[in-house]
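Visitor: Residue numbers (the working numbering), protein chains in the order written: chain A, 1 to 412; chain B, 1 to 294; chain C, 1 to 320.
Heads up, some of the hints might be wrong.
In the DSS-like style, the derived pairs of lysine-lysine whose C-alpha atoms are separated by at most 25 Å in a straight line are [what the hints assert, rightly or not]: (1) A/Lys203 - B/Lys173; (2) C/Lys29 - A/Lys411; (3) A/Lys268 - B/Lys122; (4) A/Lys27 - C/Lys29.
The calculated label-pair distances, taken between Cβ atoms and stated as ranges, are [as the list claims (entries may be wrong)]: (5) B/Trp242 - A/Glu195: 42 to 50 Å; (6) B/Ile157 - C/Thr109: 30 to 38 Å; (7) B/Phe147 - A/Gly162: 56 to 64 Å; (8) B/Ile3 - C/Val127: 32 to 40 Å; (9) A/Ala292 - B/Ile71: 24 to 32 Å; (10) A/Phe135 - C/Asp81: 47 to 55 Å; (11) C/Val158 - B/Gln264: 43 to 51 Å; (12) A/Pro381 - B/Ile157: 48 to 56 Å; (13) A/Glu159 - C/Pro100: 49 to 57 Å; (14) A/Glu374 - B/Phe161: 45 to 53 Å; (15) C/Ile170 - B/Ile157: 51 to 59 Å.
Hints are computed from structural coordinates only; laboratory data are not their basis. No residue lacks a Cβ here, since even glycine has one placed at the ideal position from N, Cα and C.
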Amino acid sequence: MSKKLSLCVMFLLLLFATQSFAEQVVKIGALYPMSGRGGLYGKDSEIAIKIALDEVHKKGLPKGIKLDVIITDDQSKPDYAVSVAKRYITEEKVKFLFGVVSSAVALAVTEVSKNNKIIFVGTDHAATDLTAQKFQPYYFRVSNNTYQSMMAGAMYLKEMGGWKKIAYIGPDYAYGRDQWMELKYALDKLGVTYEVVGEYWPKLYEPDYTSYITAIINAKPDILVAGFWGGDTVAFIKQAKAYGLFSKMKYFHPDAGGNYEVMAALGKEMPEGLIMSARHHVNWPDTPENKAFVEKFYKQAGRYPSYAAEGAYAGIHLIAEAIRKVGNADDTEALVKAMEGMKLRLPEDPKGFTSYIDPKTHQIVQVQAIGVTEKNKKYPPAEVMLGKFKVYDANKLWPDFDYIEYLKKTKK
Amino acid sequence: MDISFLLSQLIGGLSTAMLLFLVSSGLSLIFGVGKVFNFAHGSFYLLGSYLAYQFINMFTNFWVGVVCATIGAGIFGMVMEFLFLRRIYGRQDEGGFQILLTYSFILIIDDMVKFIWGSEYKTIEKPEILIDQVQIGSIFIPKYSLFILIVGLLIAISFWFILNKTETGKIVKATAIDRDMLGLLGINVPLVMTTVFGVATAMGGLSGALAAPLRTVTPGAGIEVIIDSLIVIVLGGLGNFWGALLGSIIIGEVLAFGILWVPQWASLLNFLVMVLVLIFKPEGLFPQKKGGRV
Amino acid sequence: MKRLKEYSPWFAIVIAFLLILLLPVSEHKIHLATRILIFGLYAVAFNILFGMTGLLSLGSALFYGFGAYVTGMMTKSLGGDHFVYLLLFGALCSFVIAMPLGLLCLRLTDVYFTMLTFAFGQLAWGVCIKLYNFTGGDDGIQGIPRMALLESTKSYYVFVFLVVFLSLIILWKISKSPFGLVLNGIRQNRSRITFLGLNVYKHQLFAFLISSFFTGLSGGLYSGLDGSIHPNMFFWTQSGSIILMVILGGINNFFGPLIGTIIFILLEDYIGKTTEYWPFFLGTIMLIMVILFPKGILGTISTFIKGFSSKREIGNGCHS
């Protein structure tokens, strides 16, 4: 063969080789509710994932790796989700499990992650257990757990002062119960004295809160702590407003009350003066990163994001940064090590703080901002948003090893 | 526990009961009278709330929107009945097929709603005149709850009247007993079935539209409705509207006082009541006198 | 020839099982096949009560969940080695609680029976969630260990197949026995059976007990599958899905429920991975099936086949 021809052949082979390198697709298997009440969070996560993937691919990954995210509706059913996770691992050959809104599903899927040694990046469910007594090394979470919100809530209540009687209403399942348990634990830890005048446990998705509202008004608490999420928050606020509950006590909803879709759904019906927080705020912090994220989401979706979006966005970036640090997507143990302690500049980070993954618990450590509702028409269709934010130091919220020990003793 | 508090709980329970009655009235009609178990009853409730959202925004008038939503749900129901349910009447094991068919309606309608309107929560506001509260003594009742009370009573009275005092009503009740016989008597049974189904789904839609200002308009909102409605009509006796009303009141009050006395177990009380009634009085608290008793 | 026709479904089941075991299929498919086997047993057991005896229970999940929780919780505390007899123990416990429940529910007929089973099922679900210190509540229980012998997905699949196959044989024998004939008779004409001097209530109760035993067994088998159990195993929608699978496949045929289970689970898996709008497609397919297959899939197929067979069997008894 002539030299020219062999050079051509070599060049073509090299081209071919680099092409196949450039085509290495790393699959991420995501599980989200896409139908029913949780469907909104799945949809928002899907959109945020697209946004994050664009950013990641623009910056590029080592060896020309491309990330591909597959999303399946887990129907919020643990047994079905496990079947899908198995399909992801053994047929799609995903390198990461991702997402999940329902904590019950997450608990089942984390077992699959553990047994198959596949990294599972949780982006929305908040059960503290997963980063506490149910911890397994392949699990990471990029959104806050309920303990972080409740500890921040307890600090807020302590600073606020001037109250004695407290009551709680929350959906009658693990999420509702855990929040109350954690708030009380945090209040006790901070040395706050309080008197519980009532505990109310409507079923999840309860359509009619009337009897609860009248009972709460009669119990006359100074503070009503609420543990609802999504549509239940909207229904409760609408119904409670009609009974004038909000003028009779302070409404305190530190984990999911301030989620944007609640504001958007209530519009001008949302009362002012409610003290709430969320895992991500559309209007806080006022940083260029947050503004850019929210705008990108609005462009794609035609509306502003619920907090599920920021979680999904963070998850993709966590994976991308880990791959960049390790140089490939195959060495699972190295990726785990890379994720531990990883710093991620996220839309919800205020100036001067960067979120990071706590190496011992694999839980993201980030600030919590609690605000009060006030008129704000900048994000239609919401007309009332949170403002007057009080920001709590991330490191004071997590990790809390005393609490983890407490969980090990009290929960299975 | 002072009297005014107990009274406000009582009235609160009543308000819950009326909405519950409104929601279950459609199911009571179609199941108790038509002997068709419409599993998708909650989906017509859902459809009603979305149609109300759509029409209220279109016409910027609450009342027009609600009426349109009711009619819309009724028409949709009639179409579903005509195209699909009709084909399974008279089949062996019709009951099983009713379940399967109406369950497929649930899947289709719920996804349809998500496809057309998206997954975000929508909201409907109460009409201007019904926003505040009414004060009776030291008790405050939201005007909207009073409105629901009145609507519920009107519906109970109208249905009772139509079913028991008119010729049409007799025909409708007869379809529950023996469709073939009725056909032999020259009655257009298919037309009756379609109409009854349409009225029942219209009721479902109406209840969804009226409940929407108090709740969230969201995919998945129809699922709880079917359980609560089932409990109510079992308590009241199938096909009996006064029974359904009483059943709703019992459930409403059991919850209202249950959360005071056994707060940890309040959410299970309605199932407990259902179990007790079925064990001791399975025909319900208002057994139908003659005919239709299984 | 008749013998061959009679045994052909059993051959088909064994062959399908072997194909999945021996062909190079993914672990997911084996997991799926195991799910089909477990729900298939649940569905066939359910049909003893529904298709044969004519009793529509909307609370079958009570026994499914109960079996799963008894077997699962005890295996978690006592260790995986004890799984096999804890499995039987779980089924036995379902059998035991089926007695008072059956006695209460069977006093009622038709829709009232259905409603009471529904109410009990929901109560069981509620209690499971409430006793969260004992049952883990809504978090469910994870980490249920497996026997060392059954560690791999394939070996558990073989184990489940053996248990299910054996159970199906037992249920088949029951359905073909004089007892089974009486059950069919009760469904068709209660008063006639009473006139024959037989106790309807006692027969229904036995059917209820047998159905509940095998339902509990299927629950126990599921607890070992993922090592995870959850209170929604008691929820009425779980009872509802089984009803769907049974009707889809055909309630008049012993194997109908199994076919229905296969179709439902495969459809759910396939449509779920294809589109986010799976409810619409699944609902539409079910709608079409209901309209086109009045006797369920297997019922329609067997009628079709009977139409082709030249030899008309006269006086062949009640059902295939």
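Visitor: Holds or violated: C/Lys29 with A/Lys411, Cα cutoff 25 Å?
Guide: Roughly 35 Å between the alpha carbons, so the hint for C/Lys29 and A/Lys411 is violated.
Visitor: Within a Cα-Cα threshold of 25 Å, do A/Lys268 and B/Lys122 meet the stated pairing?
Guide: Distance of about 13 Å is within 25 Å: holds.
Visitor: When you take the CB atoms of B/Ile3 and C/Val127, is the distance between them in 32 to 40 Å?
Guide: For C/Val127 against B/Ile3, whose Cβ atoms are near 35 Å apart, the range 32 to 40 Å holds.
Visitor: Take a look at whether the Cβ-Cβ distance between B/Trp242 and A/Glu195 falls inside 42 to 50 Å.
Guide: holds, 45 Å
Visitor: Falls inside 30 to 38 Å, the C-beta gap from B/Ile157 to C/Thr109?
Guide: holds, 32 Å
Visitor: Does the Cβ-Cβ separation between A/Pro381 and B/Ile157 fall within 48 to 56 Å?
Guide: violated, 39 Å
Visitor: Does the beta carbon distance between A/Ala292 and B/Ile71 stay inside 24 to 32 Å, or does it fall outside?
Guide: Violated, at about 47 Å.
Visitor: Between A/Lys203 and B/Lys173, is the straight-line Cα distance small enough, at 25 Å or below?
Guide: violated, 36 Å
Visitor: Between C/Ile170 and B/Ile157, does the C-beta distance stay in 51 to 59 Å?
Guide: Since C/Ile170 and B/Ile157 have Cβ atoms about 57 Å apart, the given range 51 to 59 Å holds.
Visitor: Does the Cβ-Cβ separation between A/Glu159 and C/Pro100 fall within 49 to 57 Å?
Guide: Check passed, 56 Å falls within 49 to 57 Å.
Visitor: May I ask you to test the hint 43 to 51 Å on the CB atoms belonging to C/Val158 and B/Gln264?
Guide: Since C/Val158 and B/Gln264 have Cβ atoms about 45 Å apart, the given range 43 to 51 Å holds.
Visitor: Is the straight-line distance between the alpha-carbon of A/Lys27 and that of C/Lys29 25 Å or less?
Guide: Given pair A/Lys27, C/Lys29 holds - Cα atoms ~19 Å apart, limit 25 Å.
In this structure, the earlier hints numbered 1, 2, 7, 9, 10 and 12 are contradicted, and the remaining ones agree with it.
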